[in-house]
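K.L.:
Chain by chain, the residues:
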Amino acid sequence: MSSTAVTPAPAAATRQRGRRGGGGPRKIRLPRGLPFIVPYLPFLIAFGVAPMLYALDLAFTSSGGGWVGFHNFIRTFDDYRFRPAFEHILWYTGIWLGSLIVLVVGLTLLLHGRANRVSTAFRFLFYLPGALAGAASVLVWLFMLDPAVSPASFLMHHLFGVQLFVQAIAPGKLPGVFAMIAFWTGAGGWIVVMYGALNTIPPDLEEAARIDGAGPVTIALRLKLPLIRKWIAYMAILSFATGTQLFVEPQLVDQASLGMVPDTWSSNQLAYQFAFRYADFNAAAAIAVDLLVIGVVAAVLIVTRTGLFRRED
Amino acid sequence: MTRIASVARARRQLRHFLVTAGTVALVATAAACSSSGSSAPGTNQTGSAAATGTVGGSLTVWVDSVRLPVAQAYAKAHPNVKLHIVTFDGDANGATTLQTKIQLWNRTGNGWPDIIFSEQVQDPVWMAQKPFDYAEPVTSLFPASMLSQWPAPSTAQCTVNGTQVCVQDNLAQVVLWYNKKLMDQFGYQVPTTWQQWAAIGQKVATEHPGYVVGSIGDSFSHWIYLWGNQCPLQQVQGTTVTINPTDSHCTEMASLLDPLIKNGSLPPLSVFSPDFAKKYGGPNSKVLMMPGPSWYGHDLFLSTLKTAPGQIAASMPLQWNSDPVTTGQVGGGPWIISRHSKNLATAADFVKWATTVFNPTGANARPGYPAYAPLAAVWVSRLAANPFFAADPSPALKAAASEIWKGWNLVTYPDQPVWANTVVTGLVAGKSLSSLLQPFGTALGQAAQAAGYQVSQ
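Chains A and B, in that order, give the protein sequences. Position 252 of the first sequence, counted from 1, bears residue number 252 in this note's numbering, the numbering being contiguous throughout. Position 264 of the second sequence, counted from 1, bears residue number 264 in this note's numbering, the numbering being contiguous throughout.
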């Protein structure tokens, strides 16, 4: 749900580039960037780094404060809700990330090929659902999913054979349902970002391709797509992290359906339950650290596989 | 290429921040809240001394929306009390609102409200124990002569480890609600046994398809059908809970219900879902019968389904063949007073007033059967004259109040969501109740163990 936070980046990047000029050795450049991140640093330390260190401390200690090694991790791993929660998250993240990458890139490439006014209108249209704050948009989706009140009830009847709300949120459908909610609330922002990325492609490149006889499809797939590859990798890393931390959607659907969705459907919910139902903050921290490790491993994989930080110039 | 690469590079730091910040969003809360230490400094005062103090000062009360009129009326009647009312979800349907809040208050060492009303009848069980330790024993706050006016099963449910820690606002005994107009029209006799009731379910499915004799899709449906038939799913002895879904009391009921679920006369739908209201609600209600708690009369038939006046009546709880009558319960929300309260005298006065005095007529009338017997007597006498009902429901309600089966104990873990997400989802997918009993028992056992109980079959 945090994909909306990426907008300041291009501005900062432009400024940095302007100052850098010809570009010296890497080590000297870093401190120059410091003034730009200084306003963010205190918040990062207070709300990012410090809680993370605290979570690490909690995860390896008992409630009394004594060192227990990996006991909390083994304990939570053996919990009967651990495996289902992570399976759900795996399915959800897979469906959501797949559709996000394919559809966002596809839609952006389509938009970029259109006349300016048309693409502006559509860009705005795609962005609108994401303008609703996370929890509020889930509430709207609750109505969308209830055939009794949904404006899309004919689709639900005929396409999915769903007559009742309880059928719409049947356990097997949940990863897909949550992925759909997350896609429509988050895709618009990414379409705007990707559109911005496509705009950085020099027009003469496109023109050259056209002169060489490339059609719109070839230009989109062979020219534009490779050029925004790193942006896609960037989106994948951020989205993977938010995907594995799914919380709001299952939590609200659980409450709205009066318990039809388990309150430990996602791993983040399980951590929440450990912390607040059982007062077991150490177990909750262990699951949080699990999620951190998964996010970091996925990021490293994507970075090394796509050459996100590799300088090809 | 250069531009894209450099932009991506410049974003590297931001990405790190976002990944990190996002991942630890949850634990941030934990960090912020636990800095002041993990144990709650108790500000427990000696109850009897404080309870005899003067009524006044400020008081914080947490209530659900149904109990809001009580709190407002108390504030109006007691201008010397500065009442701070907070409405919340009532902790209903397995929400963890109160667990979360009490944990946080315990960690910060302040913020506890003086009084909480919970819709979850089992909440006092965990509130009276570690690590929550919220509930103040009520025996020192109220005279025994007053407490003895609650029925024994109600007092038993408020008693944790031998100490009474709450008083229930209302009783939620299950009776058989039926639509007298429809029953007369179809020529059916009001059943007294589960077998007769099921036979009507079979008959109505063929003669008048689309009409229902009950509903099994609520998170509390097992409290109606299985509690009422003495199915041993929650028998607590010390720290051991007996969960035996293979007991004949459970399986025979499942076998009785399965054909009705299949023929559509007992749909797996929540009676409070829009789908149920759409299919079976309205002035021409298709609810022929409905085993359900006392508050269904007002909250379900009048407020939710908007059944026309002069149709609904209540009959005695159904019995299994010629077995003695036992019934279930759905609700019985308790008032709990905080052991951290600095104004116990006023807190006690509030609870006393809410449970033994507050009994208005009209729009703010109590929706449920008052737990305090003298108040209940007045309440049922008004019910008899209420034109909404086709016949006086009070004899059935009064009789059922003392027939709640005592073999179903309250536990610290919420069993209702377990029923909803193991059984109801299965029923919706077309599975039989009989085939779902074992998975239900297993899931209950896991929930019980996670909450620290030993489980026996």
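There could be a bad hint or two in this list.
[As the list claims (entries may be wrong)] So, partial list: chain A residues that the calculated Cβ filter (under 10 Å) puts toward chain B:
(1) P42
(2) F77
(3) G161
(4) Q163
(5) V166
(6) Q255
(7) P262
(8) R277
(9) A279
Calculated directly from the structure, the hints in this document are not laboratory data. The structure presented is a predicted model; accordingly, all values stated were derived computationally and were not measured. Cβ coordinates follow ideal geometry from the N, Cα and C atoms, glycine included.
K.L.:
If a hint holds in the structure, say so; if it does not, say that too.
P.N.:
Cross-check of the supplied hints:
1. At its closest, the beta carbon of P42 (chain A) sits 12 Å from a beta carbon of chain B; the interface hint therefore is violated under the 10 Å criterion.
2. Contact between F77 (chain A) and chain B, as hinted, is not supported at the beta carbon level, the nearest pair being about 14 Å apart and thus beyond 10 Å.
3. The restraint placing G161 (chain A) at the interface with chain B is violated, with a minimum CB-CB distance near 13 Å, outside the 10 Å limit.
4. A cut of 10 Å between beta carbons decides the hint on Q163 (chain A): the least distance to chain B is about 8 Å, and the hint holds.
5. Restraint check, V166 (chain A) versus chain B: the minimum CB separation of about 5 Å is within 10 Å; hint holds.
6. A distance limit of 10 Å between C-beta atoms decides the matter here; for Q255 (chain A) the minimum to chain B is near 6 Å, and the interface restraint holds.
7. The criterion of a C-beta within 10 Å of any C-beta in chain B is met by P262 (chain A), whose closest approach is roughly 5 Å, and the hint holds.
8. For the restraint placing R277 (chain A) at the interface with chain B, the shortest Cβ-Cβ distance is roughly 5 Å, inside the 10 Å limit, so the hint holds.
9. The closest approach between the C-beta of A279 (chain A) and any C-beta of chain B is roughly 4 Å, which is under the 10 Å cut-off, so the hint is satisfied.
Checked against the numbered hints given earlier, this structure breaks hints 1, 2 and 3; the rest are met.
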